[in-house]
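Construct all of the structure, not just a fragment, from the sequences and the given hints.
There are 4 protein chains.
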Amino acid sequence: MTNTVQTAVVGVTGYAGAELARLLLRHPRLKGKAPVFAGRVDPKDMGRGGVPLAEIHPELVDSKGSGQLIQQPFSWELLDDLGVEVLFLATPHQQSREWVPEALKRGLRVIDLSGAWRLTEAANRAVYAFEDDDAELAEATQMQAVYGMPELHRKQIAQAKLVANPGCYATSVILPLKPLVAAGLVDLQRGIVADAKSGVSGAGKAPTAKTHYMYAADNLSAYGVFSHRHTGELLEQIGVDSGEIVFTPHLLPIPRGILSTIYVHFKEPQTRVSVSRVYREFFTGSPMVRLYDHSLPQIQYSVKTSYADIGFQLDSDGRRAVIVSCLDNLLKGASSQALQNFNVMQGWPESEGLE
Amino acid sequence: MTNTVQTAVVGVTGYAGAELARLLLRHPRLKGKAPVFAGRVDPKDMGRGGVPLAEIHPELVDSKGSGQLIQQPFSWELLDDLGVEVLFLATPHQQSREWVPEALKRGLRVIDLSGAWRLTEAANRAVYAFEDDDAELAEATQMQAVYGMPELHRKQIAQAKLVANPGCYATSVILPLKPLVAAGLVDLQRGIVADAKSGVSGAGKAPTAKTHYMYAADNLSAYGVFSHRHTGELLEQIGVDSGEIVFTPHLLPIPRGILSTIYVHFKEPQTRVSVSRVYREFFTGSPMVRLYDHSLPQIQYSVKTSYADIGFQLDSDGRRAVIVSCLDNLLKGASSQALQNFNVMQGWPESEGLE
Amino acid sequence: MTNTVQTAVVGVTGYAGAELARLLLRHPRLKGKAPVFAGRVDPKDMGRGGVPLAEIHPELVDSKGSGQLIQQPFSWELLDDLGVEVLFLATPHQQSREWVPEALKRGLRVIDLSGAWRLTEAANRAVYAFEDDDAELAEATQMQAVYGMPELHRKQIAQAKLVANPGCYATSVILPLKPLVAAGLVDLQRGIVADAKSGVSGAGKAPTAKTHYMYAADNLSAYGVFSHRHTGELLEQIGVDSGEIVFTPHLLPIPRGILSTIYVHFKEPQTRVSVSRVYREFFTGSPMVRLYDHSLPQIQYSVKTSYADIGFQLDSDGRRAVIVSCLDNLLKGASSQALQNFNVMQGWPESEGLE
Amino acid sequence: MTNTVQTAVVGVTGYAGAELARLLLRHPRLKGKAPVFAGRVDPKDMGRGGVPLAEIHPELVDSKGSGQLIQQPFSWELLDDLGVEVLFLATPHQQSREWVPEALKRGLRVIDLSGAWRLTEAANRAVYAFEDDDAELAEATQMQAVYGMPELHRKQIAQAKLVANPGCYATSVILPLKPLVAAGLVDLQRGIVADAKSGVSGAGKAPTAKTHYMYAADNLSAYGVFSHRHTGELLEQIGVDSGEIVFTPHLLPIPRGILSTIYVHFKEPQTRVSVSRVYREFFTGSPMVRLYDHSLPQIQYSVKTSYADIGFQLDSDGRRAVIVSCLDNLLKGASSQALQNFNVMQGWPESEGLE
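Residue numbers (the numbering used here), protein chains in the order written: chain A, 1 to 355; chain B, 1 to 355; chain C, 1 to 355; chain D, 1 to 355.
No wet-lab data here; the hints were simulated from the structure.
What you are looking at is a predicted structure, and each value in this text was computed from that prediction instead of being measured.
Wrong hints could be hidden among the right ones.
You can't tell identical chains apart in this list, so a pair holds if it fits in one copy or across any two.
[Stated by the list, open to error] Straight-line distance between alpha carbons at most 25 angstroms, and here's what the computed PhoX-like set of lysine-lysine pairs gives:
| # | residue 1 | residue 2 |
| --- | --- | --- |
| 1 | 210 | 304 |
| 2 | 31 | 304 |
| 3 | 105 | 33 |
| 4 | 304 | 205 |
| 5 | 161 | 105 |
| 6 | 155 | 178 |
| 7 | 33 | 161 |
As structure tokens, this is what we get:
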């Protein structure tokens with residue numbers, strides 16, 4: 001493990017950025033070059049509620065073989081000085097939209113956790129309403145982006161300059177559907193339903209009416225019906241039209257975790273064996289997907305792991321399936337998938353530092 | 001309000017029975033004749049955790065203008081002595097299967113909260129595996145049963161000797177679907193999906209691995225996929241075949257409440273107005289259904305109320321709808337629906353004692 | 001019940017104000033004169049998350065025998081026009097500090113739910129840092145205020161022009177301690193400990209870092225150690241010095257409810273009987289206090305009720321007691337206590353509309 | 001890290017045993033000799049809810065460089081065959097009472113997580129009502145037991161044949177109190193109060209009325225007042241009389257974590273600096289205790305870590321302190337403390353495998 005690389009994370013105070021920071025600090029190949037957490041980081045901020053960062057995450061603050069917390073405004077000069085080669089952005093969409101072209105120009109490889117560069121088709125991007133100073137540069141940058149789901153695009157990721165890390169909901173819907181649709185099993189004319197439920201961390205760290213404990217606790221609510229912005233990722237990556245899938249997210253009264261219940265009709269009757277075979281073939285060489293043979297995944301088994309868990313049940317005549325997928329929205333739905341992409345980009349084992 | 005009636009509840013120590021007891025005690029028309037809570041009720045039992053019933057539910061125990069708690073084994077003589085005319089059974093299925101024929105023979109009107117008498121078709125009943133001593137008597141009893149959903153069967157309930165109170169999940173799926181299916185709007189060939197989520201009280205009061213806090217909290221799990229026993233109610237009451245609907249229940253980490261997300265395709269494009277009109281016409285005269293015009297129901301607004309809440313969203317071309325229904329599984333999903341049926345049977349206003 | 005009175009509530013969009021609105025609407029003596037909910041009430045606001053008020057609290061909005069929601073800025077003319085006689089203020093402290101003198105001048109009787117007028121001693125008020133335009137008027141107003149705990153000050157409340165409704169924590173600590181201290185049982189020199197735990201609604205409706213679901217859920221934290229502003233109420237009402245009691249609040253991961261665990265040393269050994277006798281005598285004629293004889297109160301039995309529940313346990317030699325009190329912070333800790341005071345002021349039964 | 005040792009865990013299906021299993025599997029010094037999980041382990045059992053163990057904890061089941069799950073009844077021959085040198089017992093008290101003498105006779109070193117061997121004084125043991133076949137052997141065994149809190153007994157643990165791993169509540173109360181009492185700062189005559197709150201996993205895995213979600217959720221309750229069986233550990237380890245401390249546990253509606261709020265009077269006024277100094281000196285060389293300088297610990301920062309967190313606040317005259325300690329009841333309160341003891345016994349760094 002002599003080969004290593006200098007990394008930096010911007011946006012370490014958000015939920016996904018904090019998880020990413022922890023993963024990088026524990027990564028066995030980065031021990032030689034501690035990651036840098038750049039940007040104006042208020043040590044009180046990350047602690048949720050004002051507890052100093054040094055007390056709850058001493059590993060980010062002190063310098064004994066651990067990360068280096070840079071409490072200055074982000075600047076390119078800073079990254080140059082530190083010799084950063086790979087840049088993780090856990091920043092807001094518009095921020096990523098602005099920084100990524102510059103980062104690429106400077107020769108950095110970028111893994112962007114925002115929604116800024118995930119969508120190939122302009123129509124699907126409309127929901128974000130990006131404001132680009134240089135539309136041509138933006139389009140050229142988008143052309144370089146690879147959708148960061150190693151299970152689908154491992155080879156392109158290995159070569160990529162810019163990896164657009166997938167959305168959490170999107171990951172939980174694409175992974176269970178892509179193998180079946182790609183194999184031609186699904187009757188798309190009868191429509192796919194993806195009923196997804198996510199814990200509150202998915203709504204971000206900003207205190208809002210919807211993230212207030214009194215709103216979220218003892219409650220369940222649907223939102224973004226026919227309009228959630230992860231829909232574009234589903235369409236592009238699964239390869240279906242908007243009339244062929246309905247995706248409905250719900251806000252669950254739990255801190256983290258996503259469970260998606262997915263309903264498909266098959267063109268021809270299937271068996272447990274025939275469906276399992278499709279999944280096993282598709283996910284051969286994909287260490288971060290766990291297939292459940294005898295039961296269905298539950299959020300409790302996926303949370304705090306870097307896995308996407310998939311299980312399914314057929315009806316008695318094999319014409320329909322209910323597929324259940326679970327993952328941790330902050331890990332496989334964000335930070336551990338970013339690290340997985342990073343491993344692929346470095347040519348390291350995909351699960352390094354994730355199990 | 002001079003007219004009143006003597007009522008009794010058996011099974012007051014379960015969740016639904018306890019809610020029913022509270023509702024009956026507050027019912028304005030029953031003030032003249034306090035309800036009787038019959039059966040061997042351990043005062044420590046209802047208190048969840050051994051707190052004496054007298055301390056947490058004094059209204060059930062003492063006799064000052066309130067209910068009469070009979071701490072003896074249930075017997076028909078007891079009911080005779082007390083002059084009971086209407087009997088509520090919040091008992092296990094098999095118990096109801098045994099007691100109802102005898103109750104009817106003795107001239108009692110019965111509202112049964114169990115699953116014992118809800119299903120007309122023998123095939124749908126198979127999942128319960130009832131053990132009947134006298135199969136003919138059982139069949140004759142079943143013939144007298146009316147499915148206790150006033151919004152669908154108000155007239156028959158008014159005359160009924162035996163009301164089979166609906167299941168909680170079934171109520172949350174039938175109410176939003178029946179109007180649309182009955183109006184011929186739904187394209188059944190493309191299939192309906194009912195993705196339902198329920199709080200833990202729906203799993204009953206018995207401590208089990210699944211009702212353990214450590215299992216339920218911070219978790220979400222699907223269960224009974226393609227096999228839940230409320231499915232038969234859906235088919236019979238909505239009037240669809242088993243191939244035309246998929247119903248999947250999930251266990252939510254909240255004490256009470258059900259939210260069902262329902263997906264339909266329409267035969268012809270609809271508008272918000274056209275769908276609203278169908279709902280409004282169907283639920284005219286149904287005070288316990290609330291239609292949401294501008295938003296979707298959430299569990300927090302329905303819990304601790306006796307309402308079923310229904311809202312929906314159409315996609316942009318009006319071909320598909322996502323319908324959301326919410327209710328309190330212990331109230332509109334059980335005890336308040338029982339009281340609603342009771343009001344109808346007595347010829348009283350349907351919402352009496354429920355708002 | 002011919003006698004009635006015109007009431008108004010300002011601040012109906014907060015948690016306590018909303019509970020108060022519901023209680024007033026159900027109050028049997030107010031049916032003749034529906035309460036008015038005055039001030040600029042955004043119908044979307046109360047619904048937590050933007051659900052229109054008309055859909056989740058139709059009783060506040062429409063006019064069929066229910067409350068009248070005034071969606072205009074508060075003004076004294078409005079109250080005059082409506083003939084308001086009793087004004088409930090569920091407003092911020094400083095707002096109450098400004099409005100109450102004017103209300104009294106206009107002959108209104110006021111029940112103020114804020115902390116503006118609870119404290120007799122200036123030193124105890126310092127923590128609020130009130131900004132009074134007219135210090136003399138403020139002092140004169142304070143002189144008229146009665147601390148609104150009927151169990152302690154029933155007679156003065158009956159005559160009061162201004163009732164300062166107690167704090168939620170204060171209620172949960174004063175009620176169990178006052179009888180024992182007043183009877184001279186407690187060894188104050190050894191110190192009293194009041195370890196209190198409250199649900200999140202006590203932190204108010206504003207979305208903050210501390211009311212974020214991710215902070216509150218699966219957590220417990222102490223705060224305001226040696227500095228919480230309810231401390232002054234404890235000292236003044238129980239009649240102890242600041243060195244004789246320690247009060248520590250904690251934020252519980254539940255929506256509502258307070259449990260206070262209180263530790264006292266007795267001067268002389270006591271028995272269960274001797275302590276019970278002191279409590280029973282003190283609370284004779286106090287219908288909203290429930291004494292537990294054989295067990296300890298729990299939050300689940302007090303929440304959604306208007307009771308303060310009190311139980312205790314002695315050590316084997318009768319020298320020390322652990323006392324547990326529970327109440328619903330939005331009811332007996334705020335709105336139902338306000339209504340209790342209102343009943344007393346009207347000469348009505350104290351528990352009217354509360355059971 | 002060439003030195004290693006063969007370990008075994010009995011009782012891997014309980015919460016603490018499962019955590020211990022996970023820790024051992026990740027322990028860097030045990031990679032050469034995978035731990036054995038002995039006893040009749042039903043692979044379905046550990047999965048809470050019947051999910052096969054192989055799907056949710058594959059690392060315990062398969063044999064690729066991981067643990068060896070023995071699905072046979074426990075037997076001494078089995079341990080002999082496997083060459084086990086150190087035995088962890090996560091078994092019920094009485095079971096440990098029976099097995100430990102035999103294990104010692106066979107030359108095994110034992111770390112027992114139950115309450116069987118923690119108490120030196122017979123009077124304190126009475127609450128467990130142990131049934132010993134051979135009272136003399138039991139007493140002799142007890143004489144060999146060392147209380148397994150490295151921060152207090154590091155040297156004896158290093159030599160011990162039998163380590164009695166502390167109780168979870170006891171750990172959270174002893175660690176913050178011992179330094180202050182040992183330094184002679186605390187006025188014991190005025191009494192110490194330890195108000196402790198624990199998540200539901202502390203109540204064990206058996207489904208009971210108290211571990212039912214409907215009992216624990218949205219609730220808080222005190223229990224074991226003046227009678228909890230961890231009290232004996234407090235008295236013996238802190239060195240106080242039963243009249244000098246009150247300890248009250250509460251059941252929190254969270255999965256895991258303990259927060260203890262502790263109230264002391266000082267003999268002489270102290271400052272933040274003077275108290276901090278006492279703590280820092282006491283915990284020098286104790287890597288698993290984190291002292292908070294500027295804030296108080298919260299459960300969210302301690303859960304899923306192996307640390308005990310301690311912070312405190314003084315009143316303005318320095319006569320009293322409120323001390324807050326937090327830990328994860330399944331880690332520092334059970335399994336990680338067991339591993340910490342194990343490291344000490346092996347002469348390895350105390351925090352090996354725990355950070």
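**Numbered hints the structure breaks, given as an ascending list** = none
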